Each structure stands twice: as C-alpha cells, then as structure tokens.
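Construct the entire structure; sequences and hints are all you get.
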Amino acid sequence: DAKTTQPNSMESNEEEPVHLPCNHSTISGTDYIHWYRQLPSQGPEYVIHGLTSNVNNRMASLAIAEDRKSSTLILHRATLRDAAVYYCILRDLETSYDKVIFGPGTSLSVIP
Amino acid sequence: EAQVTQNPRYLITVTGKKLTVTCSQNMNHEYMSWYRQDPGLGLRQIYYSMNVEVTDKGDVPEGYKVSRKEKRNFPLILESPSPNQTSLYFCASSLGRDYNEQFFGPGTRLTVL
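These protein sequence lines map, in sequence, to chains R and F.
Heads up, this note's numbering is the position in the first sequence plus 1139, with the first residue counted as 1.
Heads up, this note's numbering is the position in the second sequence plus 20, with the first residue counted as 1.
The set of hints was computed from the structure by calculation and includes no laboratory data.
Just so you know, not all the hints are guaranteed correct.
As the list claims (entries may be wrong) - In silico DSS-like links for lysine-lysine, alpha-carbon gap of 25 Å or less:
1) F/Lys77 x F/Lys91
2) F/Lys77 x F/Lys37
3) R/Lys1142 x R/Lys1208
4) R/Lys1238 x F/Lys77
5) F/Lys91 x R/Lys1238
6) F/Lys38 x F/Lys85
7) F/Lys77 x R/Lys1142
8) R/Lys1238 x F/Lys85
9) F/Lys77 x F/Lys38
10) R/Lys1142 x R/Lys1238
11) R/Lys1208 x R/Lys1238
12) F/Lys85 x F/Lys37
13) F/Lys38 x F/Lys91
14) F/Lys37 x F/Lys89
15) F/Lys89 x R/Lys1238
This structure is a prediction, so every number in the text was calculated from the model and none was measured.
Encoded structure:
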C-alpha cells in the first residue's frame, strides 16, 4: 500500500505563505492525493485533493510533482485559525476495496 | 445543518462490557467509515460501508463490528472491549466512495478500564 511521509512539525508566521510537503514515492497511477486538516479538539476536515494537475480552491493550493512522488500543500496567507495537524493521504478510487491510511501528519504552528 | 453526529461523545467503561457508539448523518451519503486515532499513529480505518448492507474491513478491524441497516446510521459495536481499544473514534461519511470529500463527526473519546 502506498504510504506518505511528512515532517512532524512546521512553524509559520501569520500572514505569510506556508508550504507543507508530502512524499509519496510508492504512489500508484490511480492514487489520488488528499489533504485533510484537524483543528484542536475537532474531527478532520477536507482541504483539497488532486491526481496529476495542480489544484486550487478557496482554502489552499495543491502542487503535485511531475513524477507524482511528492506534493505540496500551499496556504497562501497563514492565519491563526490555520494552526492544525495536516494530513496527506493517498486513496485509490479504482479498486474494489477501500483503504484510507492517515499518517501522523504535520503539526503546523502559526506565530502571531 | 448538514452534519455527522456521534453518541456518546465521552464514555468510560470496563473490560468486557459490550458497548455501541452510534453514528448518524443527515446528508443522504452512501459511504460511511469509522476511524480510531491514537497518539503518534494518526487515524486508522476500522470499517467502512460503501452502501446499505455493504460493509468491509479497514486497517484495524479486530475487536469491532459494524452494521449498516439504513443509509443514515453506521453504529460501531465493541462486543467485549479491552483496554487497548481506549482511543478517540471518528465516524465519517461522503456522497460515495468515489467522492473525495469525507465529512467527519466530532469524535467519541472511549476509555476502557
């Protein structure tokens, strides 16, 4: 099963961009890259997903390497509300079974 | 309000006493799933259900049962809880397995003594 690795923690200053990396060197051709985040004392929350092309939505941008072995979640202007644990996960939507594995994630601290 | 609800939110119980954690969604979602979260291990999938009457094992199903008799509910059953099942449990749902956005419930913190 494809797995992801992320740094344990990162820090950012408020109102600056944040680049959260994720490595997934064993990704298969049909694995979608998903990002979720978990605010303190809450359930995870969907952020963004992509397959091959870069993606933008109101929350963030997702940059996917050309070989798809890594990706980066970009928060364009970090706010204090963005302090959370960010999870990068792979999910193959073309298999008959479903396996969703969240790793330990990256704990993002935002400094005022 | 569209949401996933879980009950109870907190539970302390003793080894061997059967318990059920309920999960309900009001979004007419076909796909539902249970996760447990433990320090340093992230979230691990316990069971999932692609539709009514269809359930399957996730990564860590041992010691758990589920049922999906109706679309909105997906209870998690611990027939004989043990201390290693002390954890934070999350239920999630999505329109379907092929829809990428899962909506998570608020969590149930379970302690088994």
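Hint check results:
1. With a C-alpha separation of about 18 Å, the suggested pair F/Lys77 and F/Lys91 falls inside the 25 Å cut-off, and the hint holds.
2. Pair hint F/Lys77 plus F/Lys37 holds up; C-alpha atoms about 23 Å apart against a cutoff of 25 Å.
3. At roughly 11 Å between alpha-carbon atoms, R/Lys1142 and R/Lys1208 fall within 25 Å of each other, so this suggested pair holds.
4. The straight-line distance between the Cα atoms of R/Lys1238 and F/Lys77 is roughly 9 Å, inside the 25 Å bound, and the hint therefore holds.
5. In summary, the hint linking F/Lys91 to R/Lys1238 is supported, as the alpha carbons are separated by about 21 Å, within the 25 Å threshold.
6. Between F/Lys38 and F/Lys85, the direct Cα distance comes to roughly 11 Å. Compliance with the 25 Å bound is thereby established for this hinted pair.
7. Taken as a hint, the F/Lys77 and R/Lys1142 pair is honoured in the structure, with Cα atoms around 19 Å apart against an allowance of 25 Å.
8. A hinted pair counts as satisfied when its Cα atoms are at most 25 Å apart, and R/Lys1238 with F/Lys85 qualifies at roughly 17 Å.
9. Distance restraint check for F/Lys77 and F/Lys38: the Cα-Cα separation of roughly 20 Å lies within the 25 Å cut-off, and the hinted pair is therefore satisfied.
10. Our distance criterion of 25 Å between C-alpha atoms is met by R/Lys1142 and R/Lys1238, whose separation comes to about 11 Å.
11. For the hint pairing R/Lys1208 with R/Lys1238, the CA-to-CA distance comes to about 19 Å; that is within 25 Å, so the pair holds.
12. Restraint check for F/Lys85 and F/Lys37: satisfied, since their Cα atoms lie roughly 14 Å apart, inside the 25 Å limit.
13. Proximity of F/Lys38 to F/Lys91 is assessed by CA-CA distance (about 24 Å); at most 25 Å being required, the pair is judged to hold.
14. For the given pair, F/Lys37 sits about 23 Å from F/Lys89 by alpha-carbon distance, which is consistent with the 25 Å threshold.
15. The straight-line distance between the Cα atoms of F/Lys89 and R/Lys1238 is roughly 22 Å, inside the 25 Å bound, and the hint therefore holds.
No hint from the list above goes unmet by this structure.
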